[in-house]
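Novice: The chain contents come next:
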Amino acid sequence: MGLMETIFGWGGPRWGVHPDDHKRPAADAPLRVLPLPAKLYLPLQQHVGGAARPIVLVGQQVLKGQLIAEAQGRISAPIHAPTSGTVAAIGEVTAPHPSGLPFNAITIASDGDDRAADAEVAADPFALSPAALTELVAAAGVVGLGGATFPSSVKLALGKRCDVTTLIVNGGECEPYLSCDDRIMRDHAADVVDGVRLMMHCMGAREALVGIETNKPEAIAAMQKAAAPFAEIKVRPVPSRYPMGSDRQLIQTLTGKEVPSDCRAADVGVIVNNVNTANAVHRAVRLGEPLIRRIVTVNGGAVWQPGNILAPVGTLVSDLLAFAGLKSEPARLLMGGPMMGAVLPHSLVPIVKGTAGILALSDEEIATPAASPCIRCGNCTRACPIGLLPLEMAANVRADNLAGAAALGLSDCISCGCCAYICPSHIPLVQYFTHAKGELWAQERTKLRLEASKRLAAARAERQQREAREKAAAAARRKAERAAQKAAAAAAQSEATPIPTESTP
Amino acid sequence: MNGTLITAAPHALAANSVSRIMLTVAATLVPATFYGFWLYGWPAIDLWCVTVAAALLGEGVCVKLAGRRAVPELLDGSALLTGWLLALSLPPWAPWWIGVMGGLFATVLAKQVFGGLGQNLFNPAMVARVFLLISFPVQMTLWIAPLPITAAAAPGFVAGLHVVLGGVPQLDAVSSATVLGFAKTELSRGIDLAHSLAAAAPGTSMSGARAGSLGETASLLIAAGGIVMLLAGIITWHIPVAMLAGIAIPAAIAHAADPTRYLDVATHLLSGGAMLGAFFIATDYVTSPNTKVGQLAFGAGCGFLSYVIRTWGGYPEGVAFAVLLMNALTPVIDRYVRPRILGRDRRGAPLDPAIERAKS
Ligand code: SF4
Ligand code: SF4
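For the record, the sequence lines run as chains G and P. Just so it is clear: in the first sequence, position 116 is 116 by this note's numbering, and no numbers are missing. Numbers in this note's numbering are just positions in the second sequence, counted from 1, shifted up by 1000.
Since the hints were derived computationally from the structure, they do not count as laboratory data. Any given hint could be a false lead.
Taking beta-carbon pairs under 8 Å as the criterion, some of the chain G residues facing chain P (in silico) [as the list claims (entries may be wrong)]: (1) ARG332; (2) MET340; (3) SER425.
All C-beta atoms in this analysis are idealised placements derived from N, C-alpha and C, irrespective of residue type, glycine included.
One chain only, chain G, in its complex shape (with noise of 0.2 Å):
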């Protein structure tokens, strides 16, 4: 950089940070194949939205590919089994999150044949209908390998009723130490390329545009070269800048627009999907290959060989350390980047769907020092990517001021980690505000069930006066036609014989 653009800021994005990105040798280090694993754990829920339902029996024998939970909701995915095997349990397993909860999962003890089900595949994907093509990405569970996990199938039928024009193609890959999405452009640039021109049938979309970060050479030429034959699959560029992979700034990047802050992305026109999933979609048309395994990327200091691994989605993040190796005990195990992957409790969890790395950090990688007072020097605002406050944040939330820091917008925050990775003073603002964001979700489900509650007594106070006025109607109809009753009565009688009685009242 010149140095006007080093003192001005000109010609590159206004926000982010640039960290180092850690993700040679390992980028750069072939793709090695995990041995099939004796065991498998496939969590029932790996994605957004509903769990999936098992259904196979403890005992049953499975072949690879064959689906084991199904789709559960209108928002979720099935779960298919990665090798054959028989499932050896249905019942609960750490999950990957800090908490180290239990989670639901199916347990697949491997034959060691890997002997796959019968695929049926479609002669020509295009000449499906859009809706045909889409149920087949649903039936194969993908979802977003991006580390959204969002169904990919519903995304895409979401894209094709708000007539999406462009879908957009993360390869940013911003996150320090991880490659896998590099990995894909640069090794299957061609299935990638097919997957991409799969989903713009899906949703109808006019123009696919591919943005990769500029410290991925290898992969914008790879990808390029598979792209070209293709015009409306444009390969572009872009800065290399945290987090430049972030929806938001990867379509404000790429086409100018801006999703208004209640809008999906669907709503003005553009739809992202990362390169993994681009691929996994091909596999899933071309090949009837449901989405069973993925690449994952393990580095960090602790890692002897690091690199990126294929491995069976449901493998033991202890397996895919071993297969890489150890130099030490990892001062910290994430799953995800740095910037905003979780901590793993140990290394007993399984990878899922939505894992793209596993950093075995030693400790000279994550030493922090002890938090000082914020010096205001504005370093947080300038590289908030959403154009936040973060240190007023934080000051509102260290005074217990929830309403103060939602004004300022914290519900936009995305928890991109930006302002505390530049904080020279090592505030953990992110901490702070993801604190108050669970503090602000709890307000708000208590209030929603105070106001459900307050309407439940409204409702059935109103239902008992309603039914003590019925009461009180029906008593008293009842008491005039008994006189009405009495009086014909006494009409009649009085008709039969001349004698008079009182009337009644």
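Place chain P with the ligands on chain G using the hints.
Specialist: For chain P with the ligands alone, kept in the frame of chain G given last:
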């Protein structure tokens, strides 16, 4: 939130810290300071030492009294920088007690009383300087002509101590006036600039070899230090550029209108605390706004007020007053100038999806 610290993302931090920032700023001051030492000799060196020591002492004692450990907080470098900046703004041969009082005042009353680092509303060095100027106008306006440390007449180490401890001997031989002070005095005597500056301009402006504080005399080196800070990303251009423009634009207009009454732009920019103020004082993180637009407004205000005070006020130099006035406005600026949130308009309402959809 107890016990969850370990799980909080991000798990990577920039290699940055408060002390690293402060020490980098101090490093960019080194050339200007050494040049000043060379020009004003041992008395200036001694005064710098006492001022910085007093600032550190004041900070250390306050931190101790608050029940915290003093050394780690002194190591953040902020008190060092406060003392240093104050020393650069003092008359170089001022007596020792000026430095001591200023240094203590800066860290104790202008900073720690407010709650310490990050809590003070006003720039501590400038508060101390204004306090000294108002309380000791004679000592604070006694400037001397540069007398390089190598010159025969320059006081040696011992004589330098005498100057700082006992006052300036043979005052008339060495005393001089700053450009701004000289111009103002002459104007008030009815002598216009064309005559006064031609007859007896106190030193040329570009080389810096003329009377003033260390920071004034070496204003080109100060500016160079400021540019290094810009390149290192410690400050952004908004405040310095806005402040220098805030001085230069009115100066250019007034000088064009009447060159005999109003000094030219270059003299304004290279005199007094303009450079030191623009790059090192007004850019103080704690006491300036933290949005770009806010910083532009703040810088422009500092510059314009400096010019107004210099030109029409009672003092020949106005940077310290201007910065303090704008410091007082910082909370207001920060309240009203906020960045636009992505996906929302300036008032905070979500953008219209139809308009965004139409963009391409
Ligand atoms: S980056 Fe940290 S020290 Fe700087 S303003 Fe933000 S919270 Fe304060
Ligand atoms: S974590 Fe939130 S506040 Fe911090 S930079 Fe990211 S979006 Fe902004």
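Novice: Evaluate each hint against the coordinates.
Specialist: Against the structure, the hints:
1. ARG332: 7 Å, holds
2. MET340: 5 Å, holds
3. SER425: 6 Å, holds
When held up to the earlier numbered hints, the structure conflicts with none and fits them all.
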